[in-house]
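J.: Now for the letters of each chain:
There are 2 protein chains.
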Amino acid sequence: MSMRLKGNEVSQKILEDTAQILRQLHRASKLCIVRFGSDAADLSYQNSIIKKCDSVGVNVQVAAFGADITSADFMRRFRELNASPEIDGILVLRPIPKQIDADKMQDALCAKKDIDCIGNLGLGSVFVGDGKSFAPCTAQAVMEILKHYQVDLCGKHAVILGRSLVVSKPLAMMLLEQNATITICHSKTKNLCRITREADILISAIGHPKFVDSRYVNKDMVVIDVGINTDENGKICGDIDFDSVEPIVSSITPVPGGVGAVTTAILIRNTVLAASKST
Amino acid sequence: MSMRLKGNEVSQKILEDTAQILRQLHRASKLCIVRFGSDAADLSYQNSIIKKCDSVGVNVQVAAFGADITSADFMRRFRELNASPEIDGILVLRPIPKQIDADKMQDALCAKKDIDCIGNLGLGSVFVGDGKSFAPCTAQAVMEILKHYQVDLCGKHAVILGRSLVVSKPLAMMLLEQNATITICHSKTKNLCRITREADILISAIGHPKFVDSRYVNKDMVVIDVGINTDENGKICGDIDFDSVEPIVSSITPVPGGVGAVTTAILIRNTVLAASKST
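If you read the sequences in order, they're chains Y and L. The first sequence begins at 23 in our numbering and counts up one residue at a time. The second sequence begins at 23 in our numbering and counts up one residue at a time.
By construction, these hints were calculated from the structure, which means they are not laboratory data. Ideal placement from N, C-alpha and C gives every residue a C-beta, glycine not left out. Misleading hints may appear alongside valid ones.
Straight-line Cα separation of at most 30 Å, DSBU-like style, residue types lysine-lysine; simulated pairs [to be verified]:
hint: 1; chain 1: Y; residue 1: K241; chain 2: L; residue 2: K154
hint: 2; chain 1: Y; residue 1: K126; chain 2: L; residue 2: K74
hint: 3; chain 1: Y; residue 1: K212; chain 2: Y; residue 2: K73
hint: 4; chain 1: Y; residue 1: K134; chain 2: L; residue 2: K134
hint: 5; chain 1: L; residue 1: K154; chain 2: L; residue 2: K169
hint: 6; chain 1: L; residue 1: K120; chain 2: Y; residue 2: K154
hint: 7; chain 1: L; residue 1: K210; chain 2: Y; residue 2: K210
hint: 8; chain 1: L; residue 1: K134; chain 2: L; residue 2: K74
hint: 9; chain 1: Y; residue 1: K35; chain 2: Y; residue 2: K299
hint: 10; chain 1: Y; residue 1: K126; chain 2: L; residue 2: K299
hint: 11; chain 1: L; residue 1: K120; chain 2: Y; residue 2: K134
hint: 12; chain 1: L; residue 1: K52; chain 2: L; residue 2: K73
hint: 13; chain 1: Y; residue 1: K210; chain 2: L; residue 2: K134
hint: 14; chain 1: Y; residue 1: K212; chain 2: L; residue 2: K120
hint: 15; chain 1: L; residue 1: K28; chain 2: L; residue 2: K120
hint: 16; chain 1: L; residue 1: K28; chain 2: Y; residue 2: K134
hint: 17; chain 1: L; residue 1: K212; chain 2: Y; residue 2: K126
hint: 18; chain 1: L; residue 1: K52; chain 2: L; residue 2: K28
hint: 19; chain 1: Y; residue 1: K154; chain 2: L; residue 2: K126
hint: 20; chain 1: L; residue 1: K210; chain 2: Y; residue 2: K241
hint: 21; chain 1: Y; residue 1: K74; chain 2: Y; residue 2: K154
hint: 22; chain 1: Y; residue 1: K210; chain 2: L; residue 2: K169
hint: 23; chain 1: L; residue 1: K134; chain 2: L; residue 2: K154
hint: 24; chain 1: Y; residue 1: K120; chain 2: Y; residue 2: K35
hint: 25; chain 1: L; residue 1: K212; chain 2: Y; residue 2: K169
hint: 26; chain 1: L; residue 1: K73; chain 2: Y; residue 2: K169
hint: 27; chain 1: Y; residue 1: K52; chain 2: Y; residue 2: K73
hint: 28; chain 1: L; residue 1: K299; chain 2: L; residue 2: K169
hint: 29; chain 1: L; residue 1: K210; chain 2: Y; residue 2: K28
hint: 30; chain 1: Y; residue 1: K210; chain 2: L; residue 2: K154
hint: 31; chain 1: L; residue 1: K134; chain 2: L; residue 2: K241
hint: 32; chain 1: L; residue 1: K126; chain 2: Y; residue 2: K299
hint: 33; chain 1: Y; residue 1: K154; chain 2: L; residue 2: K154
hint: 34; chain 1: L; residue 1: K52; chain 2: L; residue 2: K126
hint: 35; chain 1: Y; residue 1: K212; chain 2: L; residue 2: K212
hint: 36; chain 1: Y; residue 1: K210; chain 2: Y; residue 2: K35
hint: 37; chain 1: Y; residue 1: K126; chain 2: L; residue 2: K169
Chain Y side only, calculated, beta carbon under 10 Å to chain L, not exhaustive [as the list claims (entries may be wrong)]:
hint: 38; residue: T205
hint: 39; residue: N213
hint: 40; residue: C215
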């Protein structure tokens, strides 16, 4: 029976700390959520962010655009939001419509307000490890869980499944900063089981429901599940086959209630930290 | 007996291609070398660059500064070099003196002229993998050797020793782009031999003379030695204990005559490519 690494516990602590920082600011802080269309998952995510922002006292402005807005029209409005002194952080819900020029949007977004690190300047900073920018929230969430549960990283071998720019690559850089040895595996990796079984920490961010089963793990392993998928019965599940892996490993994050729960808290903390930097 | 991966062979091919690109440009191309003081190693590197530039037909301007120049005085001159329409690429010999504001210098350097990728924008681009900037020359040199000798990277496990921003981290990203599985090890890594022995490709960039011996390798391994060190007899040597490793592995780069020979060729190619982009 392994230990559960509960995201809600970590999230609660972050939100309490964030409310404390906000009180000391003596000014309001505002998050702007940029949304295209009315996808159900986007709306659900948006509502959960608003609820948590309310609990902390962070204001939210939703900038909703039609999914068919032209890139020029969008950029005009996006630049206004970016320039608004009231807005501390901007979150763009993804994926964005194809006609929107993603590069242009990312370049236009002021680095200080780039609380989820979508711009090259912020990503460059994560790569360099200079701590000047916010890292992508999900990658930060994983680091925060490891820190909260006092998982020793120095010299440990962390194996990451997936090579996305949103999670895996920045996470690898952050783990490296903490003196972990890092391996990045992906769909082309050969002998995957053999590699993952050697890991002290296994992090999966591939978006394949229940991909990682008992063959991939060892008994001393800390397992972090970044995946949020739907299983064959329409139920939310992670990349890890929880029922088969949980009895074997040392500790594991559940899905839901794991990394996802922490990501939103990080987003809100980044917004307040952005506000504190501009004060 | 393993195969020698000869840097000179790769370098020559790159320089021939570069001369060809330059001829088609119908204009001059100029590299500017920024040097502080008169360190013997810097002067030797500078001269080898000038010699290779001459062979291709690329002009060189050396901007030599006293090691005690103030940051303000240097930045004034650096901005002039950066703005000069005649200069296509700028190489700054490192390390730079402590009083020089490295961040300011990197931020001032125009991305198009950043042929060795010292700025955060360029590094961000390598991290993202968008191919918009030049990668650091030494990392590119390693990739070029692997390509020249047709080393298959897809699904192969590349283990990198060292975690520098100049070589290891960008190299890891470039290998990942080519579908390799990547591991980054460093001074804090535990069970280092066990990890490296599993590699298909082992790349060392740690700067420890003859650190990697027969315990670290396997018979099918491709070994790339990025280190340029001095051994106990004052002789140039790599990170790999060549005499002990070479009889075991499948192929290996020598030092000297390996990666270092290719780095300069890449630098010159980047200068000409920068010229071709600004034409």
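J.: Indicate, hint by hint, whether the structure satisfies it.
T.: Verification of the hints:
no. : hint            : in the structure
1   : Y:K241 x L:K154 : violated, 44 Å
2   : Y:K126 x L:K74  : violated, 39 Å
3   : Y:K212 x Y:K73  : violated, 43 Å
4   : Y:K134 x L:K134 : holds, 24 Å
5   : L:K154 x L:K169 : holds, 20 Å
6   : L:K120 x Y:K154 : holds, 21 Å
7   : L:K210 x Y:K210 : holds, 28 Å
8   : L:K134 x L:K74  : holds, 22 Å
9   : Y:K35 x Y:K299  : holds, 21 Å
10  : Y:K126 x L:K299 : holds, 20 Å
11  : L:K120 x Y:K134 : holds, 28 Å
12  : L:K52 x L:K73   : holds, 14 Å
13  : Y:K210 x L:K134 : violated, 33 Å
14  : Y:K212 x L:K120 : violated, 45 Å
15  : L:K28 x L:K120  : violated, 36 Å
16  : L:K28 x Y:K134  : violated, 47 Å
17  : L:K212 x Y:K126 : violated, 43 Å
18  : L:K52 x L:K28   : holds, 28 Å
19  : Y:K154 x L:K126 : holds, 14 Å
20  : L:K210 x Y:K241 : holds, 23 Å
21  : Y:K74 x Y:K154  : holds, 26 Å
22  : Y:K210 x L:K169 : holds, 18 Å
23  : L:K134 x L:K154 : holds, 9 Å
24  : Y:K120 x Y:K35  : violated, 38 Å
25  : L:K212 x Y:K169 : holds, 20 Å
26  : L:K73 x Y:K169  : violated, 52 Å
27  : Y:K52 x Y:K73   : holds, 14 Å
28  : L:K299 x L:K169 : holds, 24 Å
29  : L:K210 x Y:K28  : holds, 29 Å
30  : Y:K210 x L:K154 : holds, 25 Å
31  : L:K134 x L:K241 : violated, 42 Å
32  : L:K126 x Y:K299 : holds, 20 Å
33  : Y:K154 x L:K154 : holds, 22 Å
34  : L:K52 x L:K126  : holds, 23 Å
35  : Y:K212 x L:K212 : holds, 23 Å
36  : Y:K210 x Y:K35  : violated, 38 Å
37  : Y:K126 x L:K169 : violated, 33 Å
38  : T205            : holds, 4 Å
39  : N213            : holds, 8 Å
40  : C215            : violated, 13 Å
Going down the numbered hints, you'll see the structure goes against 1, 2, 3, 13, 14, 15, 16, 17, 24, 26, 31, 36, 37 and 40, while the others check out.
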